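Student: As a plain string of letters, each chain reads:
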Amino acid sequence: GQNIDQPTEMTATEGAIVQINCTYQTSGFNGLFWYQQHAGEAPTFLSYNVLDGLEEKGRFSSFLSRSKGYSYLLLKELQMKDSASYLCAPTRDKIIFGKGTRLHILP
Amino acid sequence: SQTIHQWPATLVQPVGSPLSLECTVEGTSNPNLYWYRQAAGRGLQLLFYSVGIGQISSEVPQNLSASRPQDRQFILSSKKLLLSDSGFYLCAWGPPGYTFGSGTRLTVV
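Quick mapping for you: the protein sequence lines, in order, are chains A and B. Our numbering applies: residue 1 is where the first sequence begins, and numbers increase by one. Our numbering applies: residue 1 is where the second sequence begins, and numbers increase by one.
Pulled out of the complex, with its shape left as it was, chain A reads as follows (with noise of 0.2 Å):
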């Protein structure tokens, strides 16, 4: 089975930094996916963690820590296009997705 796990909503003041964290449990894994979704659309690929350690790319890093089952998305600078869900999503031979955490920048 898969257990994903992270906050339902958070808040942050644009310019500011944000961590989403994920725990996950799962028989087996390739690797662990983050992707955002803005309301009514599709989700977009943000990163994805094969090995242990920080993933950065402009903006965004992602972290994991496969013997922990725990993975973060960190958000530099935010902006207000930022608004929108980020879901976690650990993979073996397809992806289950988390619930998503909802983000919400105020200005």
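Quick caveat, the hints were computed from the structure, so don't treat them as lab data. Given the structure is predicted, the values throughout are model-derived calculations rather than measurements. There may be inaccurate statements among the hints.
[Stated by the list, open to error] Beta-carbon label-pair distances, calculated as ranges: (1) A/GLU14 with B/LYS79: 47 to 55 Å; (2) B/SER17 with A/ARG59: 44 to 52 Å; (3) A/LEU51 with B/LEU83: 39 to 47 Å.
Quick reminder that beta carbons are idealized off the backbone N, C-alpha and C, glycines included.
Assemble the complex: chain A is given as a structure, and chain B must be docked to it using the hints.
Tutor: Here is chain B on its own, set in the frame of chain A:
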């Protein structure tokens, strides 16, 4: 480059009517293909996935079915829609990474 096409974008269907949603992928061979559904305010639920022509795995028992008649074509069907089938249906392909189509918003009335 790889692209994924999904249609229609929106659909309003009466209860008890049939359904056929189509998804096609271009620019790749033998992709894994997926159908997800997202009910209003809910997370993405994996419905079906396919690793090859004619190979379908069902994740959730329901009145929907899927078929893969060609390598890059994935179809989601129902013989009789229920009100609970309303939602946002997304097709995706991979690996590497998993790319989503633009989705079909289905309202069953």
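Student: Hint by hint, say whether it matches the structure.
Tutor: Status of each hint after checking the structure:
1. A/GLU14 with B/LYS79: 47 to 55 Å: At 50 Å between Cβs, range holds.
2. B/SER17 with A/ARG59: 44 to 52 Å: Roughly 45 Å apart at Cβ, these two residues keep to the hinted range, so it holds.
3. A/LEU51 with B/LEU83: 39 to 47 Å: holds, 45 Å
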